[in-house]
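Peer 1: Numbering of the sequence shown is given in the working numbering, commencing with residue 496 and proceeding in unit increments.
Don't read these hints as lab results, they were simulated from the structure.
Note that CB positions come from ideal geometry on N, CA and C, so glycine has one too.
Check the hints yourself; a few may be wrong.
What the hints assert, rightly or not - Label-pair restraints from in silico Cβ distances:
| hint | residue 1 | residue 2 | range |
| --- | --- | --- | --- |
| 1 | Gly555 | Ser589 | 34 to 42 Å |
| 2 | His605 | Ser520 | 39 to 47 Å |
| 3 | Ser520 | Thr598 | 43 to 51 Å |
| 4 | Pro581 | Ala514 | 24 to 32 Å |
| 5 | Ser512 | Gly573 | 20 to 28 Å |
| 6 | Ala519 | Gly599 | 45 to 53 Å |
| 7 | Ala538 | Gly596 | 35 to 43 Å |
| 8 | Gly588 | Ala514 | 13 to 21 Å |
| 9 | Ala592 | Ala497 | 17 to 25 Å |
| 10 | Pro544 | Ser518 | 16 to 24 Å |
| 11 | Ile541 | Ser513 | 22 to 30 Å |
| 12 | Ala592 | Ser513 | 36 to 44 Å |
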Amino acid sequence: SAFTPVDRGTSRACRGSSATDNSASHYTRIGPAKATSMEACMAFCIATPKCKGIEYSSNGCEIWTRSGGIGASVPANGFTCMRYEPFAPVDGGSNRACRGGSTGDNSASHF
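Make the full structure from the sequences, and use the hints.
Peer 2: Printed below as a string of structure tokens:
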């Protein structure tokens, strides 16, 4: 998955550069009527340019777009904090095959 837990993810609220950095400029809030599940919150993130991650709880969803991403988290029951790092094409992506340390390195141990 392109989403990975921040500090184990569950029972964590997202923060910016430090545990005290919760500036509203770092995220866009989506209420629980629209963000009905963590999967819905993830879908909002995927559809948001520059999304760096999500914070989800029964209170709704925060789509984090802070340029430095989610740098910290704090304990918070009922909250989940996840980083979003989508796959990116390597070397243009089209008509390319993945290899190890060189163009001829296709060792089975790599996958």
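Peer 1: Next step is simple, just say for each hint if it's right about the structure.
Peer 2: Each hint, compared with the structure:
no., hint, result
1, Gly555 x Ser589: 34 to 42 Å, "holds, 39 Å"
2, His605 x Ser520: 39 to 47 Å, "holds, 41 Å"
3, Ser520 x Thr598: 43 to 51 Å, "holds, 45 Å"
4, Pro581 x Ala514: 24 to 32 Å, "holds, 26 Å"
5, Ser512 x Gly573: 20 to 28 Å, "holds, 24 Å"
6, Ala519 x Gly599: 45 to 53 Å, "holds, 52 Å"
7, Ala538 x Gly596: 35 to 43 Å, "holds, 37 Å"
8, Gly588 x Ala514: 13 to 21 Å, "violated, 38 Å"
9, Ala592 x Ala497: 17 to 25 Å, "holds, 22 Å"
10, Pro544 x Ser518: 16 to 24 Å, "holds, 19 Å"
11, Ile541 x Ser513: 22 to 30 Å, "holds, 27 Å"
12, Ala592 x Ser513: 36 to 44 Å, "holds, 42 Å"
This entry does not satisfy hint 8, going by the numbered hints stated previously; all others are met.
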